[in-house]
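If you count by the working numbering, then the sequence shown holds residues 4 to 302, one letter each, in order.
Source of the hints: derived by calculation from the structure; they are not laboratory data. For each residue, glycine too, the CB sits at the ideal point set by N, CA and C. Be aware that one or more of the hints could be misleading.
[Said to hold, decoys possible] If you anchor each label on the Cβ, the simulated ranges turn out as follows: (1) P213 to V275: 33 to 43 Å; (2) V65 to F264: 43 to 53 Å; (3) S7 to L115: 20 to 30 Å; (4) G206 to Y272: 37 to 47 Å; (5) S63 to I220: 29 to 39 Å; (6) L112 to A278: 16 to 26 Å; (7) S63 to V125: 34 to 44 Å; (8) I263 to K66: 41 to 51 Å; (9) H266 to D5: 39 to 49 Å; (10) A131 to L51: 40 to 50 Å; (11) M4 to I269: 31 to 41 Å; (12) I70 to Y12: 23 to 33 Å.
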Amino acid sequence: MDKSEIIGYISALIASVFFGAVPTLAKPVISNINVLLLSSIAYLIAALTFTPIAKKAKASLVKKDYIILVSISVCGAAAAPYLYFLGLHQSSAADTSLLSNVEIMFTVLFGLIFFKERLRPVGFVAVAMVILGVIIITTDFRFSGSFLQLNAGHFFILGSMALWALDNNLSRIISVKMDTARLVQLKSVIGGVILLATILVLGVPLDISPPQIPYVILLSAIGFGGSLYFFLQSLKRIGTIRTIVIFSMSSVFGLVFASIFLHEQISVYQTVAIAIMLVGIYMINRKESIREKIEAPEI
Numbered sequence: 004m005d006k007s008e009i010i011g012y013i014s015a016l017i018a019s020v021f022f023g024a025v026p027t028l029a030k031p032v033i034s035n036i037n038v039l040l041l042s043s044i045a046y047l048i049a050a051l052t053f054t055p056i057a058k059k060a061k062a063s064l065v066k067k068d069y070i071i072l073v074s075i076s077v078c079g080a081a082a083a084p085y086l087y088f089l090g091l092h093q094s095s096a097a098d099t100s101l102l103s104n105v106e107i108m109f110t111v112l113f114g115l116i117f118f119k120e121r122l123r124p125v126g127f128v129a130v131a132m133v134i135l136g137v138i139i140i141t142t143d144f145r146f147s148g149s150f151l152q153l154n155a156g157h158f159f160i161l162g163s164m165a166l167w168a169l170d171n172n173l174s175r176i177i178s179v180k181m182d183t184a185r186l187v188q189l190k191s192v193i194g195g196v197i198l199l200a201t202i203l204v205l206g207v208p209l210d211i212s213p214p215q216i217p218y219v220i221l222l223s224a225i226g227f228g229g230s231l232y233f234f235l236q237s238l239k240r241i242g243t244i245r246t247i248v249i250f251s252m253s254s255v256f257g258l259v260f261a262s263i264f265l266h267e268q269i270s271v272y273q274t275v276a277i278a279i280m281l282v283g284i285y286m287i288n289r290k291e292s293i294r295e296k297i298e299a300p301e302i
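The task is simple: from the sequences and hints, build the whole structure.
In structure tokens, the structure reads:
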């Protein structure tokens, strides 16, 4: 393992710790701040955080790269965070952290469908285990009621994970052509401006109280900006699948943070679900499970 790979693995782990803190940081303020406003502020502050260290994009960028940049900004820095905070508002921080594991399943599936990656039989078993974990979390094994009575917040979170998974695959293409801090800055400012424009069009009040500001700054600079920066550093060093596998540890950190700081109880079902999902995630990362192309995939 060379130095670049070591940095990649460490970066993915740091990203997982930072993103794991998001539900715990956001939960105390999510009920008092409009979700669109919180999403916009989070990414605009993330953009400002990385502006001083961002370097200009390389001249090798072509029209397709700019299309990808706008696409990942819309998916990953506008639509996904909005759905994520909407789901968090209706779910516990612990459940939100656990459901974040499904991002790897969507990432792999999109890689198979759109980026010509290959999944072997053991990989399909692994994906099935992740899905089983999601079913356990969203139902608590209570199947007697109507499916429509399940927590709607869970489905918003799953929707955000699908969008972030698409973002992961597209970001891999452009991350090798741009300075990481510059990519975080541009992606965050585009997504933040889109959300801000939506707020102004809908006439959403720009209300935020002073006690909420520290939470919002930490959430923005570390939870989103910091995690995205280290995620992209890892992405271009060890690839999409290995990065997202390590990044999935954010669910473990999120569960611990929610238990320590928000005093949320960790149920037996949650423990079983995370064990099943982590085994599935490990299986996905095995060499015989999936073959990931080293070069950037074409679209």
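Given a hinted range of 20 to 30 Å, is it respected by the beta-carbon distance of S7 and L115?
26 Å, holds
For the range 43 to 53 Å, tell me whether the beta carbons of V65 and F264 fit it or not.
46 Å, holds
Taking 16 to 26 Å as the hint, is the beta-carbon distance of L112 and A278 inside that range?
At 22 Å between Cβs, range holds.
At the C-beta level, are S63 and V125 separated by a distance inside 34 to 44 Å?
38 Å, holds
State, for the Cβ atoms of S63 and I220, whether the hinted interval 29 to 39 Å holds or is violated.
At roughly 35 Å between Cβ atoms, I220 and S63 fall inside 29 to 39 Å, so the hint holds.
I want to verify a distance hint. Is the separation of the beta carbons of H266 and D5 within 39 to 49 Å?
43 Å, holds
Please check whether M4 and I269 have a Cβ separation lying inside 31 to 41 Å.
34 Å, holds
That 37 to 47 Å hint for G206 and Y272 (C-beta), does it hold up?
41 Å, holds
Hint check for L51 and A131 - Cβ pair distance inside 40 to 50 Å:
42 Å, holds
Per the hint of 23 to 33 Å, is the separation of the Cβ atoms of I70 and Y12 within bounds?
31 Å, holds
Given the hint of 33 to 43 Å, is the C-beta distance from P213 to V275 inside that range or not?
Since the Cβ atoms of P213 and V275 sit about 42 Å apart, the hinted range of 33 to 43 Å holds.
Check the following: the C-beta atoms of I263 and K66 are separated by a distance inside 41 to 51 Å.
48 Å, holds
In the structure shown, no violation is registered for any of the earlier numbered hints.
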